[in-house]
Amino acid sequence: MSQEMVTITVNGRQAQVPKGMLLVEAAKYAGIDIPVFCYHPKLDPVGVCRMCLVEVEGQRKPVPACTTPVADGMVVRTDTPVVQRLQRGVIEFLLLNHPLDCPICDKGGECPLQDQTFRYGPPQGRSLDPKVRKPKAVDLGNFIVFDQERCILCRRCTRFDHEITQEDHLVITQRAHENRVTTADGAPFNSYFSGNTIELCPVGALTSDIYRFKARPWDLARVPFVCTGCPAGCNVYLDFRFGELLRVISRDNPELDGGWLCDRGRFNYRYVHGEERLRRPLVKKDGAFVEVSWEEAFAEIARRLRQVRRDRGGAAIGAIGGGRLTNEEAYLFQKLVRAVFGSPNVDWRVGEQYIASSREFPGRISDISQASGILLVDLLPAERIPVVDLRIRRAAGRGRALLAAVGPAMPTYRPEFKAFPAREEEIPRVLASEELFELYRGRSRVVVLWSGRGRAVGAALAALLRRLKEAGSEVSLLIAGEQANAWGAEAMGVHPERLPGYAPVLHEGARRLVEQAWQVALPEGAGLDTARMLQRAAAGRLEALYLVSANLMATFPDRQLVEQALSKVPFLVVQDLFLTETAKHADVVLPAAAFPEKSGRYTAMDGTVQAVEQAMEAEGDALSDREIFARLAQAMGVRLYASDQELAWEMQHLAGAQDGRLAAAPAEMLAGEGEEEPAPAAEGEGLVLVPVERLYAGGGTAYFDAEFRRARPKAEARFHPEDAARLGIAAGAAVELAAGGVSQRYEAAVDRSVVAGTVQVPKGLFEAPANAFAKGARVAVTVLKPVAEEVS
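Numbering-wise, the sequence shown is residues 1 to 792 according to the numbering used here.
The hints are simulated quantities; they were obtained by calculation from the structure and are not laboratory data. Any given hint could turn out to be false.
[To be verified] Only pairs whose alpha carbons sit at most 16 Å apart, straight line, appear in this in silico EDC-like list of lysine to aspartate or glutamate: (1) Lys214 x Asp239; (2) Lys19 x Asp72; (3) Lys134 x Glu178.
As the structure is a prediction and not an experimental result, all values here were calculated from the model.
Build the full structure now, drawing on both the sequences and the hints.
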């Protein structure tokens with residue numbers, strides 16, 4: 001249905017605009033910009049700054065353009081003497097107590113107050129009274145510095161916190177000239193989205209602690225890019241000065257990020273230049289790493305792998321990784337393993353996720369905004385796909401969508417949602433229940449977001465979605481990958497049972513097509529998945545492992561198996577940015593380029609493919625993964641690809657689309673293709689251990705970024721109030737969790753979102769690795785140090 005249009009006249013210029021549009025936006029159709037401070041197109045209008053006052057024929061007094069909808073025939077003037085006098089008055093009022101410290105303010109050069117003072121303000125102020133002084137450089141949170149003197153009380157930051165994140169941290173306190181922005185409870189402003197307030201702030205009141213005093217806007221070279229922190233595919237700008245990455249800010253993509261950016265995407269970037277970056281290849285000699293040239297490293301790898309292939313065959317080599325690579329690199333990775341190493345053993349899965357996409361139930365991230373029903377399955381969106389979580393909150397918070405969650409860990413939302421607490425092995429039963437089906441039956445559009453864990457869960461989800469589809473609902477399934485390009489790696493064939501484009505590895509026609517393109521015979525049979533490769537290595541039946549951006553010590557659920565595999569495999573190659581816990585076991589370590597140091601395409605969790613161009617030179621001697629694969633193949637006597645054009649043709653021919661959207665996993669993969677299910681939680685005494693993701697945890701970029709490390713979560717065990725009361729645990733107490741010969745210390749917290757009978761601990765912490773416990777372990781809880789009582 002076409003949108004109804006109306007005709008308005010602004011400063012003598014006629015324009016056709018959508019009916020009901022706010023005047024401040026409608027004026028742009030006539031080529032007129034109306035100045036604003038409090039107004040922002042992504043926030044609800046409030047009309048508090050009065051900078052946008054205009055005259056409208058038929059109105060007795062000026063009206064705020066940011067709260068006035070247009071009507072047919074409306075005649076507007078934005079440049080009358082009355083309007084100009086009001087604009088001068090607003091500017092003069094805002095500058096009464098403003099410090100005018102533009103020369104040292106980070107906002108200088110991109111400051112709306114500065115710009116509008118020059119354009120609309122008076123030539124000088126009339127006040128002779130001394131300015132009111134307020135605290136400056138206040139640490140508002142982990143990354144935000146607040147200058148109270150610069151604040152003009154536009155309320156953009158508090159409205160963002162209330163309307164968009166719905167967290168209600170920020171409030172305005174006091175009255176008159178004592179007004180100030182602070183947190184409601186006096187605690188630090190440590191939202192996952194705090195950095196958005198910096199961009200929203202029309203002055204320099206809120207600034208980045210990391211970027212503070214680093215550069216001026218005119219000093220910066222800006223490059224459009226895609227964030228690689230999670231599979232949401234958020235668009236960003238990278239700001240450089242003299243080749244150094246100084247700032248990351250949002251770049252609006254309405255279909256993916258909606259113009260917002262999480263704090264990990266915004267602030268976790270300084271590791272690119274960090275001292276702990278690997279800059280030269282390392283080879284272990286006499287138990288110690290020695291820096292070597294690339295030629296020596298490639299020669300050593302080629303020698304050892306040729307020897308393995310000659311003595312034991314290519315199937316004695318395993319390769320794991322790919323979810324952090326570009327599409328092109330993922331394609332070349334599996335080609336290197338299959339065509340050069342002669343091994344079928346290649347897998348992108350480094351954790352518990354087993355699938356990254358669904359052909360049967362396609363969907364877009366933007367579908368969430370139009371959904372009438374949203375179901376979260378075994379997923380905490382704020383911890384894995386935070387910007388997507390903002391869409392969920394918005395849709396549910398405005399009453400447009402029914403929201404429910406199934407799993408061992410519940411999200412925390414201001415909007416009410418239906419909770420179905422369930423241990424991992426219980427999730428399929430909940431998904432098959434009539435209660436859940438009836439809850440969503442009749443909803444016009446249902447969007448399911450899932451972690452991709454558990455083959456039985458995948459089968460149950462498919463059955464539920466088919467029932468809802470038959471009942472008349474439009475259904476979508478979005479799988480939130482553990483790694484940014486999980487879908488891309490899966491579609492490019494980094495899978496033991498699938499070739500590029502999801503062709504079955506045992507299908508003769510598919511094998512012939514690949515063999516003709518590569519001019520080489522493929523290895524016989526299907527390969528081993530990650531778990532089976534590790535089991536083979538631990539048993540002494542795998543001769544070599546090649547890990548690419550795969551820190552398995554931190555990501556794989558069975559840390560003991562990983563340790564056994566890495567210590568027993570005769571030859572281990574690790575390709576990464578840092579000397580991680582995993583890399584320390586390696587015989588050869590290859591330094592890879594970071595995300596802004598290479599070109600390629602990434603695939604978001606809804607299949608959207610986005611291209612990026614190299615934005616900076618690699619640190620030291622680091623190479624892009626693409627170049628490493630090509631040169632390693634060359635060292636083994638094989639040319640992996642002749643040109644970029646040949647590579648593009650191969651990928652298009654075998655894997656499908658290059659731009660737009662990639663193909664997705666066929667229906668039979670959703671049920672796991674007969675793979676084994678993990679064992680259910682152990683029976684007996686104790687609480688069931690539930691490791692949960694935390695956005696700032698992990699053993700890679702979050703840990704090795706000295707500026708970002710301050711925000712890493714502490715080792716905290718979260719208990720349901722009933723369990724805490726029964727065990728005599730108070731918030732802040734030191735507790736020990738023990739099971740199967742493993743014991744770890746945590747600080748206790750009490751949280752109603754925790755499922756009763758379980759205890760939540762964060763994944764990805766070196767000091768307390770949750771994967772040291774067996775999956776589904778029941779832990780005994782000992783209170784080591786109760787909270788000290790206050791002395792009366």
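Going down the list of hints, with the structure as the test:
Simply put, Lys214 and Asp239 have alpha-carbon atoms about 11 Å apart, close enough for the 16 Å limit, and the pair holds. The hinted pair formed by Lys19 and Asp72 meets the criterion: a straight-line CA distance of about 8 Å does not exceed 16 Å. Between Lys134 and Glu178 the CA atoms are separated by roughly 9 Å; this keeps the pair inside 16 Å, and the hint holds.
Comparing the model with each earlier hint shows no violations; every hint is respected.
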